[in-house]
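Assemble chain C onto chain Y, guided by the hints.
So the protein lines, in turn, are chains Y and C. Numbering-wise, the first sequence is residues 1197 to 1488 according to the working numbering. Numbering-wise, the second sequence is residues 7 to 156 according to the working numbering.
Derived from the structure by calculation, the hints contain no laboratory data. Predicted model only: the values in this text are computed from it and were never measured. Treat the hints with care, as some may be off.
Chain C regions said to be covered by chain Y (calculated; three or more residues, Cβ under 8 Å) [stated by the list, open to error]:
| hint | stretch |
| --- | --- |
| 1 | 17-30 |
| 2 | 36-48 |
| 3 | 70-81 |
| 4 | 110-117 |
Far from chain Y, by Cβ distances over 10 Å, these chain C residues were calculated [as the list claims (entries may be wrong)]:
| hint | residue |
| --- | --- |
| 5 | 11 |
| 6 | 65 |
| 7 | 144 |
Every beta carbon over 12 Å from chain C, so not counted as near; a handful from chain Y, in silico [unchecked claim]:
| hint | residue |
| --- | --- |
| 8 | 1217 |
| 9 | 1221 |
| 10 | 1260 |
| 11 | 1265 |
| 12 | 1351 |
| 13 | 1362 |
| 14 | 1457 |
| 15 | 1464 |
| 16 | 1472 |
By construction, the Cβ of each residue, glycine as well, lies at the ideal position given by its N, Cα and C atoms.
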Amino acid sequence: MSPRHPLAPASARRLAALRIVLGLAAWIYVVVRLPHFIGVQRFAAWQFRPVGLASPLSTPLPMIAVVVLAIAAVLAGVAFVLGWRWRVSGPAFALLLLWNTSYRNSWGMVFHTENLMVLHIAVLGMAKAADAWSLDARGRSEPAPHTRYGAPIWLMGAITVATYVLAGVAKLQHSGFAWVTSDILRNHVAFDNLRKAELGDAYARLGVALVPQRSLFVALAGFALAMELLAPLALLQGRIARLWCVCAWAFHLGVFATMWIVFHYPMLGLAYASFVPLDGVLSRLAARVRGG
Amino acid sequence: MTVADARVRVGWSLASAVVLALVMLPWATGHDGFPLSNYPMFAAARPQQLELAHVVGIDRDGVARPLAPRWLGTPEVMQAAQTARQAARNPAAAQQLCARVAAALAEAGEPIHSVEVRTDRYDVIAYWADGTVRAGRLHARCDVDGGERR
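So that you can see chain C by itself, here it is in the shape it has in the complex:
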């Protein structure tokens, strides 16, 4: 083995050890970051009761339906969930999100009368058996034509 070969071997041994130590570091720290993560997404038990912040559209007959993530400015459902969750914690942010979604719906001519940013409660097993939704909290409501109601 030449000196150059030995250098390559030592170099890659060290590089591999450092990279693998970094990749495994979240095991010790419990940190869920990027691109190093402990991948906790399905690890913890989910409660059977769920409180979910989301944005719903109310049509002219008063029927509420969830609005797709694209109306919240993202194609990603998890990003939409996070956007709604963060807005639900802050009244000003909830109004801002509500107005932004309502403006987008108005511009697209969607048959939606008003928008609500709300948190609803569910039993995740019962929901799929009978569609049960429990009463929730309203954070913001706005008319799609731009007039804010609350």
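Next comes chain Y alone, as it looks inside the complex:
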């Protein structure tokens, strides 16, 4: 489970496992999305609304700069996952990932699916995440468990929790408890699926079929809001953390089933990786591979 308090020690392997798993996932994301990162140049200049690291820009970058920065992210990502020249590659990949996602989000639509991934990679990038299971650590003995490995793991979990709390608070600020007791969620599902259908995209047939079931949406809304507002409990205790991770994952599965929205980072379990002793999982996996 996640370290019990912000400064609890953890092993270098535990943090390194997060570097490998989350870094690899982010690298695959960049590679798969590379055509989209570069393809935004096809949009008209009047659509440019810079956010994040791109905020200082008043006009889009030249195509060559966009391509170079996207490819630099791919190369830095390889070094990040392998833990090679970490003092440079750690911060570099975190910054380049933030840059490329910022630039892609600067064309009129902010995709909330990338926020947590970018924040987790930023924490890893500023931590000593390559002191084990890395090219930099070859030939060195593994350091003892320490706060420098535990603190970033706790921080990643706290960031995950904070994003859910923010989402819950936003619902209360906008709608109060009527978000649960009224037709708000039901209308969201009907609205979102209609919009997809009329924009020529796939939509959630299960969600559409459930639209007449008003009371079901009240129950689902209550579950979602409780999961979000109670997220901080996941930082207190192992069993509660496990239960919360399952609930949060089920929530995203429900969003997919009823609205056809894929939050890949939580749906693949990556958002909750800091709550899991991934080093043990990777060790067992490696042993199985070696054993044939």
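For chain C alone, coordinates are given in the frame of chain Y:
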């Protein structure tokens, strides 16, 4: 505890406090940015009536069907929605988008006769019960072979 250990503890305490304060900042500001957001996407009540800007293709029989996001230059439906919405606010941008989509359809040999950038009105609950679509506004129309009609 050594001095080095104490430095690590102080450093991570400060870093954690600053990072968490930044992550929670949108709570106070209400700002939906990137990568810091207050995640408002499902928070506000949606009206049951929806006005939607979109791009439709008209086939030779006059039947209209929504065009997939890829024809608007993106695989992302939300990006396509935003593109159509921004185009609907500006006649020149609507014509530009219409012509761009029509050119892409012509190049692909799609059986579409003309393209319309339009805003239609819906009741989101009634739509899924009986498919009701109310009359909307036309922003731009162009022939797929390149000839602009409007």
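Hints, one by one, checked against the model:
Counting residues of the stretch 17-30 of chain C whose CB lies closer than 8 Å to any CB of chain Y gives 8, so the stated coverage by that chain holds, three being the minimum. For the stretch 36-48 of chain C, the assignment as covered by chain Y holds, since 12 residues bring a beta-carbon within under 8 Å of that chain's beta-carbons and 3 suffice. Counting residues of the stretch 70-81 of chain C whose beta carbon lies closer than 8 Å to any beta carbon of chain Y gives 9, which meets the minimum of three for the stated coverage. Note: the stretch 110-117 of chain C has 0 residues with beta-carbon separation from chain Y under 8 Å; the three-residue rule is not met and the coverage is violated.
For residue 11(C), the condition that its CB be more than 10 Å from all CB atoms of chain Y is violated, with the nearest at approximately 7 Å. With a least CB separation of 14 Å from chain Y, residue 65(C) remains clear of the 10 Å interface cut-off, as annotated. Distance check for residue 144(C) against chain Y: the nearest CB is about 15 Å away, which clears 10 Å, and the non-interface claim stands. For residue 1217(Y), the requirement that its beta carbon stay farther than 12 Å from each beta carbon of chain C is met, with the minimum near 20 Å.
For residue 1221(Y), the condition that its CB be more than 12 Å from all CB atoms of chain C holds, with the nearest at approximately 16 Å. Annotated as non-interface, residue 1260(Y) keeps its C-beta farther than 12 Å from every C-beta of chain C; the closest such distance is 20 Å. Listed as a non-interface residue, residue 1265(Y) keeps its Cβ farther than 12 Å from every Cβ of chain C; the least gap is roughly 16 Å. For residue 1351(Y), the requirement that its beta carbon stay farther than 12 Å from each beta carbon of chain C is not met, with the minimum near 5 Å.
Once the 12 Å rule is applied to beta carbons, residue 1362(Y) is inconsistent with being away from chain C; the minimum gap is 5 Å. Listed as outside the interface, residue 1457(Y) is inconsistent with that label: its C-beta sits roughly 9 Å from the nearest C-beta of chain C, within the 12 Å cut-off. The beta carbon of residue 1464(Y) sits about 18 Å from the closest Cβ of chain C, which is more than 12 Å, so the claim that it is off the interface holds. A cut-off of 12 Å between C-beta atoms confirms that residue 1472(Y) is not in contact with chain C; the least separation is 20 Å.
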